[in-house]
Amino acid sequence: MSHRGAVSPSASGPGSETMVGARQAAGRRLGVFLTGLLALAPSLPAVADTPARVVSMNLCTDLLAMELAAPGQLVSVSHIARDPLVSPLAEAAAQYPGNRGGAEEIFLMQPDLVLAGVWTDPVAVGMLRRLGIEVVQVDVVTELDEVADRVRQVGALLGQSARAEAVAHDYLARLASLREAAAAIPADARRVAEFYYPNGYSLGVNTMSHEILRAAGFAHLAEAEGRAYSGTLPLEKLVLSGPDLVIRSETYAGASRSEEVLGHPALVALAAGPHGYRSTADWICGVPQVLTAVDDLAGHRARMEAGE
Amino acid sequence: MRPGVQALSLGGLVGLLFAVSLLIGPAQLGAGESLRALWSGEGGATVLVMREIRLPRALLAAMVGAVLGLSGAALQGYLRNPLAEPGLIGVSGAAALGAVIALQTGLAGAATLALPLSGLAGALVAVLIVLLLAGPRGGALTLILAGIAVSALAGALTALVLNLSPNPFAASEIVFWTLGSLADRSMVHVALAAPFIGLAMVALLSQARALDALTLGEDAAQAMGVSLTRVRLTLVLAIAAGVGAATAVAGAIGFVGLVVPHLLRRWVGARPGRLLWASALGGAALVLAADIAVRLIAPDRDLKLGVIMALIGAPLFLHLIWRTRAEA
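Keeping their order, the protein sequence lines are chains A and Y. Using the working numbering, read the first sequence as starting at 1 and increasing by one per residue. Using the working numbering, read the second sequence as starting at 1001 and increasing by one per residue.
Treat the hints loosely; a few may be bogus.
[Stated by the list, open to error] Cβ pair distances, simulated, as ranges:
| hint | chain 1 | residue 1 | chain 2 | residue 2 | range |
| --- | --- | --- | --- | --- | --- |
| 1 | Y | 1297 | A | 265 | 26 to 32 Å |
| 2 | Y | 1023 | A | 176 | 50 to 56 Å |
| 3 | A | 172 | Y | 1020 | 53 to 59 Å |
Everything labelled a hint here was simulated from the structure, so no lab data went into it. The beta carbon of each residue, even a glycine, is placed where N, CA and C say it ideally should be.
Turn these sequences into a full structure, and let the hints steer you where they fit.
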């Protein structure tokens, strides 16, 4: 398990309202916990480590929890998990009650464990912890290898280590075979790709998207030009660099000026036909679905090569 | 100074700033190389940068500045009030509301002209409300108060529409609609706005003699053959079309119509007719200069044009209020 997912300290400090709240919550949790024990006892060997009611309030932990939790164990996922533009499990997420990350609504769900991201609203996380609820903030994954660690970490938190181990094992095997295919392409024959997202935001080297690009057999323009960090990339610089492939995001419903630049005539000319690609929900989180993104992009590369 | 010399010097300034606008950008291109690529269309990616990215930006700055400066001069001439300006009386804000509604309802995607036309419709409503409240003589206080109310309402409704949008980026763009920017605009936007701005400018410039006559009072102007109804109708429609289309593509850029006529009024002998074309050229120069400034101050951050305009315009506005108060 990774050392990064810090487990919350239990509520401390005597004689405060928080303490009273924490004690009440603890009592209620014990009740729920016992109910959970009775329900799950036959199927679960490591029962003491298995939280019965888990709420996830971050898209990436939503995806891992939906994959790993036992039936009935996951009580709620974030409402963002239902958005097919960012969530590869949008349909499955619709089966769960959604939450919007508010401390009050999550407290009322009486969870034994709350999964959050490191960037989750610190006010909500702090309040839940003062109320005596265990909140684990799972770190962001920026490397393909780390995905297996994260699967095992969340699996252990959910008391589903055996299932997590199987998922991690399968993931690493698929990753190795995809990387093998990419390694067969000589470095000087790799096509150059670059990201161009709303507001002209482009992704640097220290990102999961960079790893996906490399594993699919592309070179990353940012790496060639020495741009390590993500940030605004002026359109005219991108046009002058002239990458072989421009990766844009799918646009949301409604309209926005931020996304309008993705349809700029200069960019459209650059990303015409096989030179354009749209990243999908599989790209967003460091979860096993990233391999779907690698696979699909590698397929696009093969079609580009065949088209020559 | 003779009008011909004035026109030449202002025109020269616009030309110079237009060229500078074409030559600055994040990609370091040689001046000769980039202008040659722009002119000849040979040079691969450089042509794309010059023709599709830098040219539309410079064109829009000139067009939007010209029509805003001209609208300010025309409004001030008609109302005989130096505080009248499309941004201050709420016309730009209402045009932004119209444009936002067209974009968020999908109307702008369904019909090409829906975007500038909605901007026009919003601007038209605001001009009518303000002129109705202020009356033909345009009392300064009523005019400004009506403008504040229309601006506040239009701003609130714009924020409401953007907050209700299913698009997660929309709400963060309230600042674009209230402060304006020309970053990443394209020839598509130029083509959308140009016909409306062109017609508006021709219509406004044609009112030069009428506005000159109005300085003698309405009765005298009518005796000289000026039809007040026609002047008013022309101004209302032209300002709505010009400001509406400009705002629909560039957001609400304030203070241009206030600053430019104020700076040029004495220079043209305080004649509203001559102030019209001078303000058109001056407005183009001012917005081109402001758009160059935002790119030099914060190259990668899309600093909004309205920031620069308010820094210049708001102190001048306070000064004008002070002077109006002293005269009263």
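### Query
Which of the numbered hints above does this structure break?
Nothing - there is no hint that the structure violates, so all of them hold.
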